[in-house]
Amino acid sequence: MSVVRETSDAPGILGGDSSGTSLVDLLDRVVHRGAFVSGDVTICLAGIELVRLDLRLLLVGIAEATTSREGGVT
Amino acid sequence: MTAIGLTGLYAYAIARADLELPGDTGARVLRHGALALVVKEVPLADLQVDERDLSEDGALARLVREHDAVARAAAERGPVLPLRFGTVVPDEAAAQRLLDSRQVDAARRLDAIGSAREWGVKVLRTDDGPPAAAEADRSSGVAYLAQRRAALQAAEDASRRAQHVAETVDAAVERWVSDAVRRRGGGQGLLLDVAYLVPRDDETSFVAEIDRLAADLAEAGVRLEISGPWPPYSFAALEGEPDERGP
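If you read the sequences in order, they're chains L and S. Just so it is clear: in the first sequence, position 64 is 95 by our numbering, and no numbers are missing. Just so it is clear: in the second sequence, position 182 is 760 by our numbering, and no numbers are missing.
Chain L extracted, bound-state conformation:
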């Protein structure tokens, strides 16, 4: 079977938790995507901005490591 289900087998259950989802997939969705809002409303406290920016750099590295593992290239 080539298809890997990362969450539920049956469509229709969006509620509940995401415990069946890998953390990398979750980070990719939650950190990379989602609406970015700018302006005076977003607190630019150092720690929060750092979380956002450093994670992005970090995730690039993880994605590469993951895909090269899955692709069988070491």
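Worth flagging that the hints you see were computed from the coordinates, not collected in a lab.
Restraint ranges, calculated between C-beta atoms of paired labels, are given here: (1) S:A671 <-> L:V55: 32 to 38 Å; (2) L:S53 <-> S:E670: 32 to 38 Å; (3) S:A721 <-> L:V55: 37 to 43 Å; (4) S:A671 <-> L:S53: 36 to 42 Å.
In silico contact screen, one side only, chain S against chain L (beta carbon under 10 Å); selected entries: (5) A591; (6) D646; (7) S679; (8) A684; (9) R761; (10) Y811; (11) S812; (12) E819.
Virtual Cβ for every residue (Gly too), placed ideally from N, Cα, C.
Place chain S on chain L using the hints.
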């Protein structure tokens, strides 16, 4: 300045003003005009996590899972635009300003999403990649050049194949999807990374089509991975905001 003792409103998603959250999320809904912001008051110190700690029980994992859980709970009750992880506003007045400036375009995005949900499709290469240039035999100039040429050719083939697979997948699922966001394959084995917005009534057909494609494409040396359903993370981008999409 230290964050200790300060609190802010962590913002999960923008929704329509009539959104009613289930009671168990810990979040609440701030309404302004036609829109609502799903928020929770949090001590800012809680958000200063060690981003190198990616363990499943680490602070970052907990925050990310909570973000996803609240977005999912809200998405079950109506269309939402999930916000980027780590979006915090100082107070309710700032939350209103956030909604104030986005009444028109956010409402339009919410209408476009409706009850559709996001599905991720990744296409990965299962056969061996091109030989790494670093492994080229440098003892012979001719051999080196031949290997370089082969590597370049392989890279070109991979790019052409990614394009071909992308068109095949898009064409096969077109009738079941209302929108798509494609990202370039990043790592060595990843040819394609697409997010599809699929109306609920078409989800079964969409998943069946992906299953069928996966079987077909397995023979061509590529593997399809489907994930979902997700809240519409990839379809929440607002007009007039800088394109902050990740790599």
